[in-house]
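Undergrad: Chain by chain, the residues:
There are 2 protein chains.
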Amino acid sequence: MKTSNHIVIMAGGIGSRFWPISTSDCPKQFIDVLGCGKSLLQLTLERFGNMFPKENVWIVTSAAYADMVMEQLPDVPKENILLEPCRRNTAPCIAYAAWKIKKKDPNANMVVTPSDHFVQDVTEFRRVIESSLKFVSDSDAILTLGIKPTRPETGYGYIEAVLGTSSLANKEVYRVDSFKEKPDIDVAKAYIARNNFYWNSGIFIWNVQTIVNAFRVYQSPIANIFESILPVMYTEQEQSVIDEKFPDCRNISVDYAILERAEEVFVFPVDFGWSDLGTWMSLYDRSPRDLNGNSMIGCNVEFSDSHNCIVHAKENKRIVLIGINDCIVAEHDGNLLVCKMSEEGRIKEFTDK
Amino acid sequence: MKTSNHIVIMAGGIGSRFWPISTSDCPKQFIDVLGCGKSLLQLTLERFGNMFPKENVWIVTSAAYADMVMEQLPDVPKENILLEPCRRNTAPCIAYAAWKIKKKDPNANMVVTPSDHFVQDVTEFRRVIESSLKFVSDSDAILTLGIKPTRPETGYGYIEAVLGTSSLANKEVYRVDSFKEKPDIDVAKAYIARNNFYWNSGIFIWNVQTIVNAFRVYQSPIANIFESILPVMYTEQEQSVIDEKFPDCRNISVDYAILERAEEVFVFPVDFGWSDLGTWMSLYDRSPRDLNGNSMIGCNVEFSDSHNCIVHAKENKRIVLIGINDCIVAEHDGNLLVCKMSEEGRIKEFTDK
Chain A
3 MKTSNHIVIM
13 AGGIGSRFWP
23 ISTSDCPKQF
33 IDVLGCGKSL
43 LQLTLERFGN
53 MFPKENVWIV
63 TSAAYADMVM
73 EQLPDVPKEN
83 ILLEPCRRNT
93 APCIAYAAWK
103 IKKKDPNANM
113 VVTPSDHFVQ
123 DVTEFRRVIE
133 SSLKFVSDSD
143 AILTLGIKPT
153 RPETGYGYIE
163 AVLGTSSLAN
173 KEVYRVDSFK
183 EKPDIDVAKA
193 YIARNNFYWN
203 SGIFIWNVQT
213 IVNAFRVYQS
223 PIANIFESIL
233 PVMYTEQEQS
243 VIDEKFPDCR
253 NISVDYAILE
263 RAEEVFVFPV
273 DFGWSDLGTW
283 MSLYDRSPRD
293 LNGNSMIGCN
303 VEFSDSHNCI
313 VHAKENKRIV
323 LIGINDCIVA
333 EHDGNLLVCK
343 MSEEGRIKEF
353 TDK
Chain B
3 MKTSNHIVIM
13 AGGIGSRFWP
23 ISTSDCPKQF
33 IDVLGCGKSL
43 LQLTLERFGN
53 MFPKENVWIV
63 TSAAYADMVM
73 EQLPDVPKEN
83 ILLEPCRRNT
93 APCIAYAAWK
103 IKKKDPNANM
113 VVTPSDHFVQ
123 DVTEFRRVIE
133 SSLKFVSDSD
143 AILTLGIKPT
153 RPETGYGYIE
163 AVLGTSSLAN
173 KEVYRVDSFK
183 EKPDIDVAKA
193 YIARNNFYWN
203 SGIFIWNVQT
213 IVNAFRVYQS
223 PIANIFESIL
233 PVMYTEQEQS
243 VIDEKFPDCR
253 NISVDYAILE
263 RAEEVFVFPV
273 DFGWSDLGTW
283 MSLYDRSPRD
293 LNGNSMIGCN
303 VEFSDSHNCI
313 VHAKENKRIV
323 LIGINDCIVA
333 EHDGNLLVCK
343 MSEEGRIKEF
353 TDK
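Protein chains in written order, with the numbering used here: chain A, 3 to 355; chain B, 3 to 355.
Careful, some of the hints might be misleading.
[Unchecked claim] Keeping only pairs whose Cα atoms sit at most 27 Å apart, straight-line, the calculated DSSO-like set for lysine-lysine is: (1) B/56 - B/136; (2) A/316 - B/56; (3) B/350 - A/342.
Read the hints as simulated data drawn from the structure, not as lab findings.
Please work from the sequences and hints to get the whole structure.
TA: Quick look at the structure:
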C-alpha cells in the first residue's frame, strides 16, 4: 500500500515582533511581508508545489483567522481548516492534526511547518521534503529539519547532532543528541564553531502512527483528549467538542513535549536559505537593497542621504526619507513605527497595546 | 470723517517647506499646523478680534483655494475673497486689494498680513495694530512691523531702523534706513549685535491713498493695470477682467517694488512672540515638548528612548518611535516624511514632485 503524504501548516501565531505590519487581527502569516504580492501563508503552501493533493493540506489556526485562510487559500477544502478555540502552543495543534489525519488515513506521513517562514531555494527544499518523507515512511523516526547556521544567532534554538550516526536509510540524516534553548552570544559562538549544531527550523516530518504513539507515551493527557474527540471527528459535532476539550490541553511546544523526550529523533541538516522572518533585521537581510543599503517593501520610497533603512508601507502614496540611517519605517492600517534597527527588540512592547 | 480700517490677508502661498503637511492642493495656511483645531488662516483672522467688521476683511488667494477660504471663514463675505488667476508675489496681490478697497472706501486704512504666521501675545499684537492704524491715519507713512530678533536667523530679511528718529506722532515708530536681504550667519550676528535691526514680518499698515500713490510713483505699470480694472470692480465683469489682466503684472514683492524705494517708510519694532512658521524647526520651537524634548502635533505618539523629535500626523491611529532622535516625522494624506531635523532644507526638493 502506498502511503499518502499530508502537510500541516500551523497558522495560529500572532507575530508580535512585526508590529505594525503584523497585528493580532491580521498576523504576519496573512501579510505580504515580502512585498511579492503573496502572503507568507500562501508562499508556504506554494513552496510544496504539487507534492500534496489539496485534500491532504491541513491548516491549523484560530477561529478568528478562518475567513482569512479561506480567502487566501481558496483551493484548500474548508473542512481541512482546523480551528483552535484558544492558543496552546504547537503540541496540541499538532496532536489535533495528527488524530484527524490518522482517522482518515492511518498510515499517512505528515510534514508539519510554520506558516510564516522564508525559504530561498525552493527546489532544494522540495528535494529535502521528498527525501524526508521517504525516510519516515520506512521508519518510526521523528525527523526535524536543522538549518546549517550562518552566524551565532541568539534568537533560535539549536539542535546538536551526533555526527557519524547517519541513518542507513538516508545518509543525510543524523541522530539528535540534544535540543538546546536559545543561547547567549558566547554559547552561540561555541555552537557554530563546531559543525554539528543546527538551528531548529520548526519543520517536522513523521508518520502519523509515530507521532500519535509518541503523544501516547510522552503526553498522555493530550493523547487522551484527542482519543476522546476522535469519535466525533468528521461529524457536525467536531467543532463544539474541540471548543469544549481543546482548552484542557497543556500549553506546550512539540519540542518540549515530544522531541526532547523521544528516542528515535533525527535531524536533516539543510541549507536552502531559510529565515524565520522573526525580526525586522531578518527581513532586511532577505530583502533586495539599493546601493545605499536601503530596502523598500511594497512601496516606492525616495531616499536622500539615507542608508541601511527598511521601509514597509504598502498603503502610502509617497514616502520620503531624508538623512535617516539604520531605521525601520513601517506603516499599516494607520499605525506607524519609526524604530532604530538596533532597538527592534522593544517593538513587541508596543504590540496591540 | 472717521476713517475705516480694513484687513487684507494674503492667502495664496504654497508652503513648500512643510511637505507633506502642506501641499499645493492644500497649503500651510489652510492646515491646522499647530494642532489646535484651527487653521493658520483662521488663527490669523481671529488674532484681530473684533477690530474689523467682516465686510472690511479681504482675503487674496488663488482661485483654487476659494472654496477652502469660504469653508474656513464662513463669516467673510464671498465677494471679499479676491481671486488671483496666477501667482505674482505680494506687490500685485496688495495692489489688487488696495484699488478694490479704495473704490469703496477712499480714505481707508489697510493692514496687510500673511495668513500663515504665528503670534503668541495676541493682546500686544492688537495694541500694536491699533497704534499703527492711528499712526497711518494721521500721516502718509508706509509702516511695517519689525520683529525684535532673538537669534542670528539667516532665513529672514532684516530692516535697519534709524534710531533717534522716532515719529512725533508715535514714539514707538522709527524711520527705516534700509531693507536687508537674508544675510549669511556672520552678517546676521553683526545685525543682532546692534540694536536697530529687526526681522521683516511682512505685516504692513498704511492708508489706501498712500499705497496707491506709491504704486503710481514706483510701479506705474502695475498701477496702470489696476486703474484699467477699476471701472469693472464690484461688477460681474470683475473676475474675467482680472483673469485677463492680472497675469500682466510684474512678479515682484511689495518690499522690492515699494518699500525699498519709497521715502516715508517706518518700522514699528515689536515683540509679541512671532514666527513665520517657515520651517519645521520654527514650528518645533513654538510647540509644547515633553521632558525628552519631543513634540507631537495632532497625534498621540508613544516615544521610547527618543528625543527632540517633532511628529505631526493627525490621521494616524497610533504612532511609535523607538530610538529616534532629532527627527521630523510627518504624515498627511498618505504621504510620509521622516527627516533628520538638520536636513530639513531639502524637504522642498520633494514637494509636489
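Undergrad: Out of the numbered hints, which ones does the structure contradict?
TA: 2
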